[in-house]
Structure formats: C-alpha cells, structure tokens
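Taken in sequence, the protein lines are chains A and B.
To convert a position in the first sequence, counted from 1, into the working numbering, add 72.
To convert a position in the second sequence, counted from 1, into the working numbering, add 246.
Accuracy of the hints is not assured; some may be wrong.
Computed footprint of chain A on chain B; a stretch qualifies when at least three of its residues, placed anywhere within it, have a C-beta under 8 Å from a C-beta of chain A [what the hints assert, rightly or not]:
1. 358-366
2. 408-417
3. 433-445
Calculated from the structure, these hints are not laboratory results.
Every value quoted in this text rests on a predicted model; they were computed, and no experiment measured them.
We treat Cβ as the ideally placed atom computed from N, Cα and C, and that holds for glycine.
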Amino acid sequence: MIRDLSWIDPLYLLFALRWTVLLTLLALLGGAPVGLLVAALGRMTKRPARLASRGYIGLVQGIPLLAWLFLFFFGFPIFGIDVPAWLAATCAFSVYSGAFLGEIWLGALLSIPRTQWEASASIGMSYIEQLRYVIIPQALRIAMPPSVGFIMQLIKNTSLAAVIGFVEVTREGQMTAAATLAPLTVYLMVGAFYFALCYPLTTYSRHLERRLHVAR
Amino acid sequence: MTYTFHFRDVFAAQDALLDGLLLTLQLTATTIVLGFVIGLGVACLSVYGAPWARRVARSYVELIRNTPLLVQLFIVFFGLPSIGIKLDVIPVATIGLALNLGAYAAEILRAGIESIPRSQVEAGVALGLTRAQIFRHIVLVPALKNVYPSLTSQFILLMLATSVASQIATPELFYAGSIIQSRTYRDFEVYIVIAVVYLALALLLRILLGLAYRLLFLRS
Numbered sequence: 073m074i075r076d077l078s079w080i081d082p083l084y085l086l087f088a089l090r091w092t093v094l095l096t097l098l099a100l101l102g103g104a105p106v107g108l109l110v111a112a113l114g115r116m117t118k119r120p121a122r123l124a125s126r127g128y129i130g131l132v133q134g135i136p137l138l139a140w141l142f143l144f145f146f147g148f149p150i151f152g153i154d155v156p157a158w159l160a161a162t163c164a165f166s167v168y169s170g171a172f173l174g175e176i177w178l179g180a181l182l183s184i185p186r187t188q189w190e191a192s193a194s195i196g197m198s199y200i201e202q203l204r205y206v207i208i209p210q211a212l213r214i215a216m217p218p219s220v221g222f223i224m225q226l227i228k229n230t231s232l233a234a235v236i237g238f239v240e241v242t243r244e245g246q247m248t249a250a251a252t253l254a255p256l257t258v259y260l261m262v263g264a265f266y267f268a269l270c271y272p273l274t275t276y277s278r279h280l281e282r283r284l285h286v287a288r
Numbered sequence: 247m248t249y250t251f252h253f254r255d256v257f258a259a260q261d262a263l264l265d266g267l268l269l270t271l272q273l274t275a276t277t278i279v280l281g282f283v284i285g286l287g288v289a290c291l292s293v294y295g296a297p298w299a300r301r302v303a304r305s306y307v308e309l310i311r312n313t314p315l316l317v318q319l320f321i322v323f324f325g326l327p328s329i330g331i332k333l334d335v336i337p338v339a340t341i342g343l344a345l346n347l348g349a350y351a352a353e354i355l356r357a358g359i360e361s362i363p364r365s366q367v368e369a370g371v372a373l374g375l376t377r378a379q380i381f382r383h384i385v386l387v388p389a390l391k392n393v394y395p396s397l398t399s400q401f402i403l404l405m406l407a408t409s410v411a412s413q414i415a416t417p418e419l420f421y422a423g424s425i426i427q428s429r430t431y432r433d434f435e436v437y438i439v440i441a442v443v444y445l446a447l448a449l450l451l452r453i454l455l456g457l458a459y460r461l462l463f464l465r466s
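Pulled out of the complex, with its shape left as it was, chain A reads as follows:
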C-alpha cells in the first residue's frame, strides 16, 4: 500500500538505529578477541604463528564484506544450522573486525621499541608485569585513534547487513522508501542519521590523534 511520508517515519528510522548500534557492539564483542589473537600471534617469534596472523588479515581484507555476509548467511544452513540474519551478520562482522582490529593492535605492539621490553625485563619484571606496566599503556595510546576510527567504519558497514534482511536503519529506510515512493527523502534522512552517529567518533578519533602527537 502506498502512503505519504509522515512525521512518524523519522521516528521509525530512529528506532531502527538502535539495531545498527547493537550490531556494531556485537561485532566489536566478537571481533575484539579475534583481534587480540591476531595481534598476539603476529608478534610471536615462531614463523608459522606470524604467517597465520598475516594470512588471516590478508584473507579477510581481500574479500568484500558483502561476500562474508553471504558466506555466513548461506553457509550455516549447509551444516544444518539455521541461524537468524542477525547472528549471521554478527559472525561476518566479527570475522571482519577481527582482521582490522588485529592489524591495528599488532602495528601498535610492534611500534614499541624492543628496548622497552629489555629495560623492563632487566628491572626484574615478569612477562605479565612487562605487558601490564610498560607495553600496554604505551601501545594503547598509539592504538586508540585508529581503533575509534575503525568503530566508525564498522557503523557504516553494518548498513550492508540490510542486504541479508537484518532490519537496521538502512533496511528500515528501504522499506519506508518502498511504501512511500519517496526514496530520495528517506535515504537523505538515513544518511543524516549515520552522520549524526559517525561524526562525533571521527572528531574524537582526531582529538585523540592530536593529543598523541603533542605528548611526543
């Protein structure tokens, strides 16, 4: 049924925005452990571990996110597991963010000079203490701006989950556009919602970066 665009439609879009946020959070929850593993493997001395880490990053970053979504969406039923769209999307985005976060965190770890490890070892710190008191505080400051930047990237990319039928703000927009025949207005509104969500993160990431440079 065709109806006119009304004041209630932006509200519906706003309600759908929480699913965008929720999917982003789920993806981070799934992606962070993967990212930690990728970073940890990447700085091991054993060659196979480093190869596995680099291989994972290359594999995930060499395949479109859209393809990852479809692989999970159609892959689970093949193994006899029926999953709802949100779960397939969460898996795909976890795999995806694991690679990008892993790359960022690995880079941060590797940028800490070896002498920092040696110095902390020479004052008798254990491996855990070295990480806790010397390495992680420094690596965290380097990793923060790009990590926040990636979260903003992830928010935008969750729009692709609309394609497998997960109703977040883009999918809600598609349905509203189909019902009202006012696609341009609707998608401009959807774009505005994303902007409102992402721009503060962009600004925050930039602010963190500036603070990092001043401290040096």
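Please build the complex by placing chain B on the supplied structure of chain A, with the hints as guidance.
Relative to chain A, chain B alone:
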C-alpha cells in the same frame, strides 16, 4: 554433514561470471581514475583554496566519510532522476563510487601535501622555479610518494566495494553471482567462487600497484 558441494552448476555459468568480472574491472579502473582526479582537486582546494572553498571541500569530505557507501549509492541512484538526469545504471554506479573514493583520496592526498616542509617550497622559489614547476616537482611527486601505501590500500578497498553497486542492480561480479544463485540454488558454492575471484583480484591489484610504484618513483 550430508551436504554435497556442486561447483559444476556455478562453473557452467562462466559466461555470466566473466561478464560480471569485466564490468568489475571496468568500474574499478574508471572509478580509480575519476576518484583520484576528484581527490586531487579537493585536496588542493582544502590546502590552497579561499576560506569558503576550503569549507566546501571539508564538508564534502566529511559528508562522504561519515555515511555508508550503500546509502550514498541509493541517494545518487534516486537523486539524479529527481533533478532530471536519467542515466544508465553503470554511469550512476561510477559516479557514486567515484564521489566516495574522491573523499577518501582527498583526505590522503591532503595529508601528503601537508607533509611537504615549507622550506622545500621556499627553496624552490629561491631557485627561480615557476609555481607550476614547484607544485609538480617539489610538492606533488614527493607527496604522492609519501602517501602511496595508503592510496594503494584505498584503491583495493574500493575494488572490493564495487560489489556494493550490485545493490542498485549494476551487473558486476557480485550481481552476476546473485543471478547464478537464483538460477541454480547453489548459494554457498556461488559465493565461495565469487570470494575467491575477489581475493585473486585484490592480490593482483596489489602487485600491479606495486609495479606502478617502481615505474613512477624508482626510475632514477
């Protein structure tokens, strides 16, 4: 697991896959060229432009970088007809992708241009070079060399992102995949093949851009 894989159905549609692949390559190439030109123009505006031009350039970059490509493509797809421009879907996709890449390229190139120390430019002036010569030899080429790795990553991301254009029915590789899927019901096999092709393209593009770097910057 009782599922048997049937790749034969997918490979039987190799003509459709090949057509899609060719369009993906075409989209990637035209978008990279257009996006680079837009990016360079916008970067120059945001560094050298009048205050109002800088504001326009900054707004463009921020608007594109803070909204999803999918939504941008929808806006271009539905927006162009509403201002009376009716185009085929391939030019529409190219415009959308180029506007997207333009903003990211502008940000990278701006960082590159700003990474050139002022003293270099002043040295050029002291040597009596013209403004065009200074821009070309002292600013642009070293700036490009500095940001080349970021630019490479961005171009590869763009190549992968052309798959999103399938959502406005651009008959590129990913779209070809969904057509084959609806004909054969071999969902998983189709997307495995598609994924492998993209992976190969990404590797190939990285190698090509690496070769281009050698040709452009390491001749001397």
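Results of checking the hints against the structure:
1. 358-366: violated (count 0)
2. 408-417: holds (count 4)
3. 433-445: With 8 residues in contact (Cβ-Cβ under 8 Å with chain A), the coverage given for the stretch 433-445 of chain B holds.
In terms of the numbered hints stated before, the structure departs from hint 1 and from no other.
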